[in-house]
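Peer 1: Could you build all of it, start to finish, from the sequences and the hints given here?
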Amino acid sequence: MRKPRFFGKNLSLTYILILSFIFISTVPVVSTSIGTYFKSKDIINSNTSQYIIQMLKQTNGEIDLNLQQFNSDASFLINPVVQQLLNKQFHRDISYQERKALSKEVAQYNVVSPKMSDISVYSTKGIFLIGLSDNYTPLSGELISKVTKLDGQIYWNFAGYDTFHEAHIQGVRLIKNMLGPEIIPIGYLTFKMPENIIYDSIKELQLGQTGQAIIVDTTGTVLSGQNRNWVGRHLDGNILNKLYANSEGAFIDKIDGQTYFMAFHTSETTGWKTMGLVPIAEMTPGLQGVYKSNILYLGGWILISILLSLLITRTVVTPIKQLIRAMRSVESGDFSVQTHLTGNEEALILSSNFNKMTSRLKELISRVYEEELKEKSAQLRALQAQINPHFLYNTLDTIYWMLYMRGQEKIGDVVVAMSNMLRYSIGKNGPIVTLKDELDNLSNYIHIQSTRYQDRITFEYDIDHSLEDTRVLKLMLQPTIENAITHGLEPSVRPGIICTRIYRYERECRIEISDNGVGISAERLAQLMEPGHVRDGHGIQNVDERLRLTFGEAYGLTITSVEGRGTKVLYKLPLNDNNI
1 MRKPRFFGKN LSLTYILILS FIFISTVPVV STSIGTYFKS KDIINSNTSQ YIIQMLKQTN
61 GEIDLNLQQF NSDASFLINP VVQQLLNKQF HRDISYQERK ALSKEVAQYN VVSPKMSDIS
121 VYSTKGIFLI GLSDNYTPLS GELISKVTKL DGQIYWNFAG YDTFHEAHIQ GVRLIKNMLG
181 PEIIPIGYLT FKMPENIIYD SIKELQLGQT GQAIIVDTTG TVLSGQNRNW VGRHLDGNIL
241 NKLYANSEGA FIDKIDGQTY FMAFHTSETT GWKTMGLVPI AEMTPGLQGV YKSNILYLGG
301 WILISILLSL LITRTVVTPI KQLIRAMRSV ESGDFSVQTH LTGNEEALIL SSNFNKMTSR
361 LKELISRVYE EELKEKSAQL RALQAQINPH FLYNTLDTIY WMLYMRGQEK IGDVVVAMSN
421 MLRYSIGKNG PIVTLKDELD NLSNYIHIQS TRYQDRITFE YDIDHSLEDT RVLKLMLQPT
481 IENAITHGLE PSVRPGIICT RIYRYERECR IEISDNGVGI SAERLAQLME PGHVRDGHGI
541 QNVDERLRLT FGEAYGLTIT SVEGRGTKVL YKLPLNDNNI
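In the UniProt record's numbering, the protein residues as written are 1 to 580.
I should point out that these hints are in silico values taken from the structure, not numbers from a laboratory.
Every residue gets a Cβ at the ideal spot worked out from N, C-alpha and C, and that includes glycine.
Each hint should be verified, as a subset may be incorrect.
Pairs of lysine-lysine residues, derived as DSS-like cross-links and limited to a Cα-Cα distance of at most 30 Å, are as follows [unchecked claim]: (1) Lys376 <-> Lys572; (2) Lys242 <-> Lys203; (3) Lys362 <-> Lys376; (4) Lys254 <-> Lys39; (5) Lys39 <-> Lys292; (6) Lys176 <-> Lys125; (7) Lys115 <-> Lys192; (8) Lys321 <-> Lys572; (9) Lys374 <-> Lys356; (10) Lys125 <-> Lys192; (11) Lys474 <-> Lys568; (12) Lys192 <-> Lys176; (13) Lys203 <-> Lys192; (14) Lys176 <-> Lys115; (15) Lys242 <-> Lys149; (16) Lys321 <-> Lys356; (17) Lys125 <-> Lys115; (18) Lys176 <-> Lys104; (19) Lys100 <-> Lys125; (20) Lys242 <-> Lys146; (21) Lys192 <-> Lys146.
Cβ pair distances, simulated, as ranges [what the hints assert, rightly or not]: (22) Leu296 <-> Ala554: 35 to 43 Å; (23) Pro138 <-> Phe251: 36 to 44 Å; (24) Lys39 <-> Leu296: 15 to 23 Å.
Peer 2: This is how it looks when you write it as structure tokens:
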């Protein structure tokens with residue numbers, strides 16, 4: 001079974017339980033805290049917005065009332081004398097005497113209304129006619145267009161600073177012919193008023209500790225403000241887009257890198273936007289403390305969740321880990337292992353059932369092994385009953401001496417080797433022998449094969465003789481040599497080499513028998529290595545099964561091969577206590 005994956009990585013049950021517990025315990029708390037914080041913040045912002053807008057609305061009313069006086073004064077200034085003189089521009093140029101009379105009217109009114117300065121009159125083309133201003137620059141086409149659209153209402157814009165560094169606001173109004181049969185434009189009236197006239201309406205406003213109020217015209221220019229350095233500056237386009245989207249409202253934006261809560265209200269008379277700007281940090285000072293408290297609370301809760309999850313996980317996972325270790329011991333062939341799990345009821349049930357299973361497996365394996373040994377023993381006794389060992393030994397001994405007498409010593413040595421192998425095979429020394437005994441028997445077999453194949457096969461040895469008293473199975477090496485010759489070297493055309501290497505590896509005795517024969521194909525080798533597959537050659541299959549039954553599943557033999565290059569058989573055997 002594959003482990004659950006998290007971001008491409010396998011996670012253990014411990015991490016899964018810890019992460020799940022922390023997630024389940026902290027997400028609701030975090031979500032509730034965040035939701036409460038932002039809901040409270042929205043309520044405070046909404047209440048503050050309504051309060052500031054109401055204050056700005058009252059301020060706009062006061063400003064509009066002050067500006068109505070300028071509108072009345074401008075209407076009074078455009079008297080019949082002025083209109084008669086302006087009407088003459090359509091027929092001829094205005095004479096010097098007429099200009100002087102027009103200037104007299106303007107000068108008299110400047111005395112009556114001292115708040116209005118730089119009063120000037122322009123023609124319908126924006127050409128300066130008369131006035132108290134030193135600026136004779138014609139009116140721009142853009143300004144004329146804006147003023148004409150207002151149809152007699154005053155258009156206000158920022159006029160800049162005078163030589164005394166006092167800000168002024170300019171008013172421009174269309175002059176209509178009220179004497180003739182048609183009411184048509186006959187000129188333009190311009191004047192200036194001090195900026196402090198509208199500043200007086202906002203200077204006493206209190207917007208938090210460091211908040212401020214400003215008045216912005218329709219072009220986005222600050223006409224007046226509590227921060228005197230802002231008068232005359234132009235606001236950012238992003239702010240203007242939000243400002244002119246509605247007649248009143250609130251939003252959050254930055255000016256000079258500082259974030260403000262901005263509420264505004266629009267004058268119905270002038271179109272000016274009166275704005276209240278409060279630093280966002282002053283909006284929710286109490287919530288900042290709540291926010292920090294929530295952070296500390298969440299940190300403590302997460303720490304407690306981790307400790308609780310570790311405690312719960314340890315209770316659940318520790319018995320499972322103990323059971324896994326026991327299962328690995330069984331996998332390596334130790335069926336005597338027993339578990340004694342403690343903790344929850346499920347762990348006790350798992351422990352009990354595992355112990356029953358291993359006991360049953362041990363019993364079944366022992367029974368199968370005993371039955372197999374009995375079967376092999378019965379077969380051996382039947383074979384021994386059919387053959388009289390002494391008769392065979394005497395017969396082979398007679399053949400040896402007959403060959404020796406005729407000078408056939410080599411053939412006689414083969415007979416002796418055959419006799420020794422027979423004596424070793426049907427002897428009564430049991431299924432377990434020493435490695436030395438097995439090597440002696442293998443030497444007899446190799447002697448016979450060397451006589452047969454002569455120089456075609458070379459046998460090489462690399463043996464650690466300190467391992468000669470290691471307990472091994474009787475007749476376990478000879479079948480491997482036989483298969484190497486029969487299936488590996490006989491089909492090959494090149495000289496054969498069989499190498500036997502015996503060495504110590506950790507707590508094991510390892511025996512390697514390799515050849516340079518034709519090898520085994522990858523497909524065939526995969527079939528041979530499949531669990532439960534019956535290998536070709538009764539000898540190899542029998543040896544592997546006997547090794548695993550006798551010494552455990554951790555031991556036995558494995559086969560590796562490269563087609564066309566050769567095959568290697570590796571035996572793994574446990575060391576005797578005196579060899580460790």
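Peer 1: Would you mind marking each hint as holding or not holding in the structure?
Peer 2: Against the structure, the hints:
1. Lys376 <-> Lys572: Distance of about 23 Å is within 30 Å: holds.
2. Lys242 <-> Lys203: Judged against 30 Å, a Cα distance of about 25 Å means the pair holds.
3. Lys362 <-> Lys376: holds (21 Å)
4. Lys254 <-> Lys39: holds (22 Å)
5. Lys39 <-> Lys292: The given pair, whose Cα atoms are some 16 Å apart, holds under the 30 Å limit.
6. Lys176 <-> Lys125: holds (14 Å)
7. Lys115 <-> Lys192: holds (8 Å)
8. Lys321 <-> Lys572: holds (29 Å)
9. Lys374 <-> Lys356: holds (27 Å)
10. Lys125 <-> Lys192: holds (21 Å)
11. Lys474 <-> Lys568: holds (21 Å)
12. Lys192 <-> Lys176: holds (20 Å)
13. Lys203 <-> Lys192: Distance of about 21 Å is within 30 Å: holds.
14. Lys176 <-> Lys115: holds (24 Å)
15. Lys242 <-> Lys149: holds (24 Å)
16. Lys321 <-> Lys356: Holds - the C-alpha atoms of lysine 356 and lysine 321 are around 19 Å apart, at most 30 Å.
17. Lys125 <-> Lys115: Since the Cα atoms of lysine 125 and lysine 115 sit roughly 27 Å apart, the hinted pair holds (cutoff 30 Å).
18. Lys176 <-> Lys104: Judged against 30 Å, a Cα distance of about 20 Å means the pair holds.
19. Lys100 <-> Lys125: Holds, because 21 Å separates the two Cα atoms, which is no more than 30 Å.
20. Lys242 <-> Lys146: holds (22 Å)
21. Lys192 <-> Lys146: Roughly 17 Å separates the two Cα atoms, so the pair holds.
22. Leu296 <-> Ala554: 35 to 43 Å: violated (56 Å)
23. Pro138 <-> Phe251: 36 to 44 Å: holds (40 Å)
24. Lys39 <-> Leu296: 15 to 23 Å: Cβ of lysine 39 to Cβ of leucine 296: about 20 Å, so the range 15 to 23 Å holds.
In the structure shown, a violation is registered for the earlier hint numbered 22 alone.
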